[in-house]
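*Asks:* Residue numbers for the sequence shown follow this note's numbering, so the first one is 5 and each next one is one higher.
Some hints here could point you the wrong way.
[Claimed, not checked] Taking CB as the label site, the calculated pair distances span: (1) 242 - 211: 26 to 34 Å; (2) 144 - 387: 31 to 39 Å; (3) 42 - 342: 41 to 49 Å; (4) 338 - 412: 21 to 29 Å.
[Stated by the list, open to error] Result set (DSS-like, lysine-lysine): computed pairs, CA atoms no more than 30 Å apart in a straight line: (5) 410 - 225; (6) 138 - 385; (7) 385 - 359; (8) 432 - 410; (9) 120 - 171.
Derived by calculation from the structure, the hints in this document are not laboratory data.
These figures come from a predicted structure and were not determined experimentally.
Note that CB positions come from ideal geometry on N, CA and C, so glycine has one too.
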Amino acid sequence: MVRHKRPVAGSPGGIASTTGSDDMHVTMIFPGIALPGFDSFGKKPTIDANFIDHGLASLSAAAKAAGHTVDLIDLRRLRDWTHFRDEIRRRTTKVWAFTSWSLHYPDVVRAIRILKEEREDAVVVLGGVHATIKTAQVMANRLIDHIITQEGEISFVKLLDTFAAGKQADRLIVGEGPVLDEIPWVDRDLFDVSGELATPMVPGMPTPFVTTNAGRGCPFKCNFCQPAERAVFGNRVKMRSQENVIGELRYLKDRFKFNSWMAHDDLFFINHRWSREFCVQYKAAGFTEPYICQMRADLMCRYPDVVKQMAESGLAWAMIGFESGSQRILDLFEKETTVEENLKAAAICKEYGIKVWANVMFGAPTETRAEVMETVRMVWKIKPDHFSSSYFTPTPGSGMAEEVEKKGLTMVDPFNGSNRTPNEAKMKDTDYDWLTKAIALAYDGGSEERLIALAQLPTQSREASCASH
Numbered sequence: 005m006v007r008h009k010r011p012v013a014g015s016p017g018g019i020a021s022t023t024g025s026d027d028m029h030v031t032m033i034f035p036g037i038a039l040p041g042f043d044s045f046g047k048k049p050t051i052d053a054n055f056i057d058h059g060l061a062s063l064s065a066a067a068k069a070a071g072h073t074v075d076l077i078d079l080r081r082l083r084d085w086t087h088f089r090d091e092i093r094r095r096t097t098k099v100w101a102f103t104s105w106s107l108h109y110p111d112v113v114r115a116i117r118i119l120k121e122e123r124e125d126a127v128v129v130l131g132g133v134h135a136t137i138k139t140a141q142v143m144a145n146r147l148i149d150h151i152i153t154q155e156g157e158i159s160f161v162k163l164l165d166t167f168a169a170g171k172q173a174d175r176l177i178v179g180e181g182p183v184l185d186e187i188p189w190v191d192r193d194l195f196d197v198s199g200e201l202a203t204p205m206v207p208g209m210p211t212p213f214v215t216t217n218a219g220r221g222c223p224f225k226c227n228f229c230q231p232a233e234r235a236v237f238g239n240r241v242k243m244r245s246q247e248n249v250i251g252e253l254r255y256l257k258d259r260f261k262f263n264s265w266m267a268h269d270d271l272f273f274i275n276h277r278w279s280r281e282f283c284v285q286y287k288a289a290g291f292t293e294p295y296i297c298q299m300r301a302d303l304m305c306r307y308p309d310v311v312k313q314m315a316e317s318g319l320a321w322a323m324i325g326f327e328s329g330s331q332r333i334l335d336l337f338e339k340e341t342t343v344e345e346n347l348k349a350a351a352i353c354k355e356y357g358i359k360v361w362a363n364v365m366f367g368a369p370t371e372t373r374a375e376v377m378e379t380v381r382m383v384w385k386i387k388p389d390h391f392s393s394s395y396f397t398p399t400p401g402s403g404m405a406e407e408v409e410k411k412g413l414t415m416v417d418p419f420n421g422s423n424r425t426p427n428e429a430k431m432k433d434t435d436y437d438w439l440t441k442a443i444a445l446a447y448d449g450g451s452e453e454r455l456i457a458l459a460q461l462p463t464q465s466r467e468a469s470c471a472s473h
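Work the whole structure out from these sequences, hints included.
*Replies:* Below, the structure written as structure tokens:
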């Protein structure tokens with residue numbers, strides 16, 4: 005079904021209540037303070053502080069379409085945990101729904117503990133990535149009453165209907181994957197969207213700025229991420245129809261008058277036929293607004309004509325996971341790309357006037373100084389418009405995380421240390437002080453002489469390197 009207006013509760017575009025019983029009210033909790041902290045919304049110019057969470061917003065839309073009511077506590081808008089306790093006390097909500105990435109899980113656990121202290125009869129529902137990839141750990145927390153793994157729009161509504169009917173529900177629920185065109189567009193009323201509207205992904209993109217998702221899942225097997233994503237979304241990629249996405253963009257244009265936007269998919273350019281038709285429909289709808297999305301180097305090299313078509317439709321920025329200038333490291337990551345493709349993809353962007361956001365990872369297990377130097381040289385050749393460096397991080401649910409944990413190489417808490425920013429030591433036997441210097445050289449465009457001089461510096465002891473991070 006294609007919708008060209010925002011679905012409302014009870015509309016054909018919504019998910020109908022499965023019981024016909026009275027509606028339920030649920031309070032959702034967004035725990036996203038791990039990076040920006042409390043009282044960060046609208047005050048820090050970062051996406052972590054301001055973007056909406058599409059997962060919760062989609063669940064809210066599904067619940068409202070089925071006749072239930074929803075409100076939100078966004079921890080980023082609160083002063084501290086005392087403020088959170090106050091927000092609990094002023095509500096009479098019975099059902100409380102939490103989402104969680106692994107990075108957020110410690111804050112989720114604390115929030116649930118506070119909630120149960122204040123409201124012993126509260127019914128706690130937890131979903132999200134962490135509930136899916138670390139189900140046994142989540143099940144061990146008896147303060148969590150119900151756990152939904154995988155996708156939640158259908159199963160969450162069924163759970164609320166069960167509550168409304170006064171019936172008992174299973175504690176562990178495996179989510180049903182929806183057909184994306186058959187669920188409502190995300191609920192933009194759940195979050196305060198003013199932060200996202202004022203915070204483009206890249207400074208300089210015109211505001212107001214909005215985000216959307218065209219699909220779910222990723223068919224590739226990069227082991228610094230997979231198989232966590234497959235655990236959530238399954239082995240197949242699901243895409244909304246082009247008409248459905250264009251319909252939502254029309255709605256967003258009418259409501260927010262956006263001047264740029266982001267396709268927040270892990271890969272927006274994932275199917276060349278889908279992308280070609282999207283470009284045709286985007287232009288036919290009269291859109292000229294610039295957009296940013298994530299792409300893969302090998303697909304860009306395979307279909308440069310599609311990249312050109314996307315540029316002509318408004319693609320202003322391509323976020324590309326180059327990751328490394330060493331072929332051995334790319335193969336270690338099971339990236340299935342080559343260094344040559346990295347360079348060619350960047351050149352294609354330059355040819356068609358697309359700015360390059362380069363994602364590059366340093367500190368992979370077994371990575372040598374010579375391989376780091378290859379990566380620095382690659383960055384110099386690419387000359388990205390934005391260089392985003394990260395440290396290899398053993399992210400929970402990924403194949404690489406399991407490997408390094410078995411070998412006892414990880415130094416980080418699997419939750420608090422699962423952000424990839426290069427600001428703390430992640431792995432044993434890695435000289436992070438030297439890596440910091442190499443990354444700085446990549447940023448400032450240095451010289452071959454300085455790079456060679458850097459390579460000749462003595463290796464710092466692990467203890468000294470860790471102390472500096």
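*Asks:* Against the structure shown, which of the earlier numbered hints fail to hold, in ascending order?
*Replies:* Checked against the structure, the hints that fail are numbers 2, 6, while the rest are satisfied.
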